[in-house]
Every structure is written in C-alpha cells, then in structure tokens.
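Student: Listed here are the chains, written in short residue letters.
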Amino acid sequence: MLSLWRAIRRLGRAAEPAPAPPVPAGPAVAAELAGSVQVRHVDAGSCNGCELEIGAAFGPVYDAERYGARLVASPRHADALVVTGAVTRNMVEPLRRTYEAVGEPKVVVAVGDCARNCGVFAEAYGVVGAVADVVPVDLEVVGCPPRPETIVAALRLCTGR
Amino acid sequence: MSALGVAGGVLQAVVIVGGAPLLLGLMRQVRARLEGRAGPGVGQPWRDLRKLVRKQSISPRGTTEVFRVAPVLLVAMTLVVAVVAPLVTTASAVPPVADLFVVVALLAHATVVIALAGLDSGTAFGGMGASREVTVLALVEPTALVAIFALSVPTGSTSLPTIVGTALDDPQRLISPASLLAAVALAAVIVAETGRLPVDNPSTHLELTMIHEAMVLEYAGPDLALVELGSAMRLSVYLGLFTSLFVPWGIATTATPLALALGVVALVVKVGVVGAGLAALEVFLAKLRLFRVPELLAGSFLLALLAVTTAYVLG
Numbered sequence: 000m001l002s003l004w005r006a007i008r009r010l011g012r013a014a015e016p017a018p019a020p021p022v023p024a025g026p027a028v029a030a031e032l033a034g035s036v037q038v039r040h041v042d043a044g045s046c047n048g049c050e051l052e053i054g055a056a057f058g059p060v061y062d063a064e065r066y067g068a069r070l071v072a073s074p075r076h077a078d079a080l081v082v083t084g085a086v087t088r089n090m091v092e093p094l095r096r097t098y099e100a101v102g103e104p105k106v107v108v109a110v111g112d113c114a115r116n117c118g119v120f121a122e123a124y125g126v127v128g129a130v131a132d133v134v135p136v137d138l139e140v141v142g143c144p145p146r147p148e149t150i151v152a153a154l155r156l157c158t159g160r
Numbered sequence: 000m001s002a003l004g005v006a007g008g009v010l011q012a013v014v015i016v017g018g019a020p021l022l023l024g025l026m027r028q029v030r031a032r033l034e035g036r037a038g039p040g041v042g043q044p045w046r047d048l049r050k051l052v053r054k055q056s057i058s059p060r061g062t063t064e065v066f067r068v069a070p071v072l073l074v075a076m077t078l079v080v081a082v083v084a085p086l087v088t089t090a091s092a093v094p095p096v097a098d099l100f101v102v103v104a105l106l107a108h109a110t111v112v113i114a115l116a117g118l119d120s121g122t123a124f125g126g127m128g129a130s131r132e133v134t135v136l137a138l139v140e141p142t143a144l145v146a147i148f149a150l151s152v153p154t155g156s157t158s159l160p161t162i163v164g165t166a167l168d169d170p171q172r173l174i175s176p177a178s179l180l181a182a183v184a185l186a187a188v189i190v191a192e193t194g195r196l197p198v199d200n201p202s203t204h205l206e207l208t209m210i211h212e213a214m215v216l217e218y219a220g221p222d223l224a225l226v227e228l229g230s231a232m233r234l235s236v237y238l239g240l241f242t243s244l245f246v247p248w249g250i251a252t253t254a255t256p257l258a259l260a261l262g263v264v265a266l267v268v269k270v271g272v273v274g275a276g277l278a279a280l281e282v283f284l285a286k287l288r289l290f291r292v293p294e295l296l297a298g299s300f301l302l303a304l305l306a307v308t309t310a311y312v313l314g
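Chains A and B, in that order, are what the protein sequence lines are. Per numbering that gives the first Met the number 0, the first sequence starts with residue 0, numbered consecutively. Per numbering that gives the first Met the number 0, the second sequence starts with residue 0, numbered consecutively.
Please note that the accuracy of each hint is not assured.
[Said to hold, decoys possible] Between beta-carbon pairs, the in silico distance windows are:
#1 A:Glu-92 with B:His-108: 35 to 43 Å
#2 B:Pro-141 with A:Arg-96: 16 to 24 Å
#3 B:His-204 with A:Glu-92: 46 to 54 Å
#4 A:Glu-92 with B:Arg-291: 32 to 40 Å
Hints listed in this document are in silico derivations from the structure and should not be mistaken for laboratory results. Cβ coordinates follow ideal geometry from the N, Cα and C atoms, glycine included.
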C-alpha cells in the first residue's frame with residue numbers, strides 16, 4: 000500500500016493537457032446529449048488493434064472521461080456505439096440488435112479503417128461489409144489503428160466539450 | 000412533529016437529492032486524480048442525469064410492472080429515510096418512522112425492490128446480479144441492525160434522533176469500545192450495501208464481476224436516471240447516518256436559521272470528507288473474490304455482536 004502511495008506521489012498527473020475544445024461541427028445529437036456520452040463498444044470483427052487504442056484513449060494519458068465520455072456495460076445505458084472491425088457474418092445480427100437496444104438519441108462511431116471500408120479484410124469470405132452497410136454511421140475515425148488522439152477527438156464531437 | 004423536525008426534514012430532502020450526485024462526482028474525481036487522470040468534474044453525474052431524463056424511455060420485451068415501478072420505489076424509500084433520519088437536525092419530521100428498525104428495513108426494502116426488477120428483466124445477468132445482491136443483503140442487514148442496536152443500548156431507545164441527541168450530550172460515549180466496534184462494523188455494512196470496493200466495483204464493465212450494476216443493465220433513459228439517483232442517494236444517506244451516529248457535532252438542536260444553516264454545512268462537510276476518504280481508500284483496494292465476501296461480512300457481524308456485548312457488560 001505504501002509503495003502504491005509512493006507511485007501515486009511520484010507520477011502525479013499523467014493526463015496530457017486538454018487540446019482546444021472542438022468547434023461545434025459534430026453530429027446534431029451532440030446538443031441533446033449536452034456534455035455526457037455513455038459509450039458502448041462493439042467489436043464486430045476487429046483484430047484488437049483498435050481495442051488497444053480505445054483502451055489507451057480512456058487511460059490516464061488521454062483521459063477521454065474528462066470530456067464526459069464513459070464506457071458502459073450495456074447498450075441500454077449507452078448513447079454512442081463505438082464499432083470496430085469489418086462486420087463479420089456472425090456479428091451482423093448482434094450489431095443490429097445492439098443498435099436497436101440503444102435508446103434515441105444515439106450516435107454510431109465507426110473506429111478504424113476496417114469499420115469504415117473493411118481495410119485489408121475487404122472481400123474476405125467471412126466479411127459482410129463495412130459498419131455503414133449494417134447500421135447508419137454518424138462519425139468515422141480514420142487510421143489502422145487510429146491514434147488515441149483521433150478517437151478522443153471524435154468522442155469530443157459527440158460530447159461537445 | 001416539531002418545527003425543528005419539519006425544517007430538518009425539508010432541508011435534508013433538498014440536500015440529499017441535490018447533493019447525492021455531487022458526492023458521487025466528488026468520489027469519482029478523487030479517484031481520477033489519484034489515478035493520474037484529470038477527471039470529468041464534480042458535476043458530471045448531474046450532466047448524466049439531465050441527459051438520461053431527455054432520452055427515450057424503453058421497456059424491454061417481457062418485463063412487467065415490477066420492472067417499471069422499481070426505480071420509483073427505490074427513490075421514494077430512500078427519500079423517506081432522507082427526510083426522517085437525523086442528518087441535519089436531532090429532531091425528526093415523523094418521529095415514529097425515525098426508528099432504527101424502520102430505517103434499516105426501508106433501506107433493505109429498496110434493495111429488494113431493485114433485485115426483483117433484476118429478476119423481472121429475465122436476462123441471465125439480471126438474475127445473477129439479483130441473487131448476488133440478496134446474498135450480500137442477507138449477510139449485511141443483521142450487522143446493520145446489531146451495530147446500531149449497540150449504540151441504542153446506553154440510550155435505552157431505538158429512536159435514531161434520541162441516540163444522536165444523547166451522543167451530543169455525552170460525547171465521551173462516542174469513544175467507548177462499544178461505539179468504536181459498532182463504527183467499524185457499520186463501515187463494512189456501508190461499503191457492502193452501497194456497492195463499493197472491495198465488495199463490488201462500481202465502475203466495472205465486466206458483467207460477470209458485477210453485483211449491483213448487473214441488476215440494472217436493462218434500464219434506459221428516465222428509469223435509469225431514477226435508479227442512478229436512488230443509488231447515489233442511498234450512498235449519501237448511509238454516509239450521513241454514519242457521520243450523525245459517530246461524529247454528531249454541528250447537527251442542529253434548535254430551529255433557529257443559524258443552527259439549521261450550520262447543520263446543513265456540517266452534514267455536507269462531514270459526508271464530503273468521509274466520501275472522499277472512502278474513494279481514496281478504494282484506489283488501494285482490489286475487489287474481493289465473491290466467495291470471500293461472506294467472510295468479510297461475517298467478520299463485521301462479529302464486531303457488531305462484540306459491540307452489543309461490551310455495551311451491556313461495560314454499560
């Protein structure tokens with residue numbers, strides 16, 4: 000316990016200074032959500048590269064929580080669906096049902112090149128298509144995998160903070 | 000029903016409802032800072048509630064009225080306790096309800112209602128969460144009753160305002176062995192009942208490790224707002240009761256505006272300090288394995304039992 004306390008004292012604040020708030024050009028629902036976005040992450044067939052970066056975005060350094068975004072365990076609690084990976088056959092129905100379980104108003108963020116256009120997995124036998132082929136997508140995050148800063152920037156467009 | 004009691008009841012309801020989300024925000028902020036994060040700010044739970052109220056209300060297929068009335072009952076029962084318990088003043092708005100057994104039963108009832116709603120949702124995690132919550136509840140309620148009963152022994156009354164009033168008149172009683180043992184037992188009860196570490200992790204995303212969160216996974220929109228507000232109020236009420244019983248100084252004994260203002264400030268400061276301390280302590284704790292939780296709770300029951308024994312033996 001003492002060593003943990005010493006580590007806390009030594010590290011201090013790990014969060015990087017917050018970049019300037021986004022110009023209000025996000026999706027229209029950002030105004031309704033007013034600074035609070037609960038995020039449900041759906042892995043539709045990702046290689047887990049994007050998951051690592053999402054984990055980093057909510058970690059101490061990038062700290063997406065300070066802008067009002069929070070990961071939750073249930074789509075019923077969520078306002079935003081963060082979908083990663085090309086949609087595989089087995090995940091089409093779960094993704095659609097998760098989308099239906101989220102109450103209005105809702106946002107869908109496609110994170111990573113696979114979610115946007117299937118990336119290197121395009122036309123693979125197990126892949127149905129990009130996320131936009133299954134559910135309507137409001138925001139896209141470019142990168143393979145995307146940098147945590149860009150994921151945080153997309154989430155800030157949703158929270159408006 | 001005295002003027003002091005009514006004024007206290009109104010103030011307590013306002014302070015608990017308005018302050019409970021802020022307490023939750025404060026605890027999350029303390030935790031964030033200790034983890035090296037910047038944190039979303041103390042007002043974030045209120046922002047979450049404001050957004051949830053505006054969201055679409057969903058009642059999942061197959062759920063019944065139990066699922067729909069549970070959030071209202073949770074908030075209502077906690078609000079009754081917030082009104083009658085001696086938090087701001089030593090008098091109660093409804094003295095017969097401010098009894099130790101009634102207050103503990105009301106708080107337990109709120110848990111049972113949410114557990115029933117968890118069962119009603121018919122999902123695997125709802126039932127699992129309900130079974131876990133009721134297991135914890137069955138082990139915690141005797142401890143809560145016995146621990147507060149130990150404090151009532153020297154007073155000769157189970158009325159909470161009387162217990163707090165006597166403690167104010169005779170502060171030496173607060174550092175008696177019975178009182179200290181009861182304080183430790185009650186602290187374990189509060190940690191278990193409000194779903195904090197090491198019994199339950201309030202910020203987990205893993206359904207399999209959840210206790211409280213697993214029961215409310217199906218709630219959405221305004222219903223979820225009520226459930227979250229109710230949970231936050233439970234935490235504030237428990238911490239408020241704890242500070243009133245063991246650190247009663249500052250509580251209003253007369254109905255003058257100055258005394259009432261001091262009572263409110265004292266309650267906010269005491270609960271804030273205890274809450275921040277609890278949040279800081281949580282950083283150093285890992286969640287207990289579920290099968291180890293009964294051992295912790297049995298230990299706290301033993302302390303409560305010892306408290307009652309010493310209260311009788313040492314007077």
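Student: Now tell me if each hint is right for this structure.
Tutor: Verification of the hints:
Take Glu-92 (chain A) and His-108 (chain B): their Cβ atoms lie about 40 Å apart, and the range 35 to 43 Å holds. Look at Pro-141 (chain B) against Arg-96 (chain A): about 43 Å separates their beta carbons, and that is not inside 16 to 24 Å. For the pair His-204 (chain B) and Glu-92 (chain A), the beta carbons lie near 22 Å from each other, so the given range of 46 to 54 Å is not met. A C-beta distance of roughly 39 Å is found between Glu-92 (chain A) and Arg-291 (chain B), which places it inside the suggested range of 32 to 40 Å.
The structure fails hints 2, 3 (numbered hints given earlier, in ascending order).
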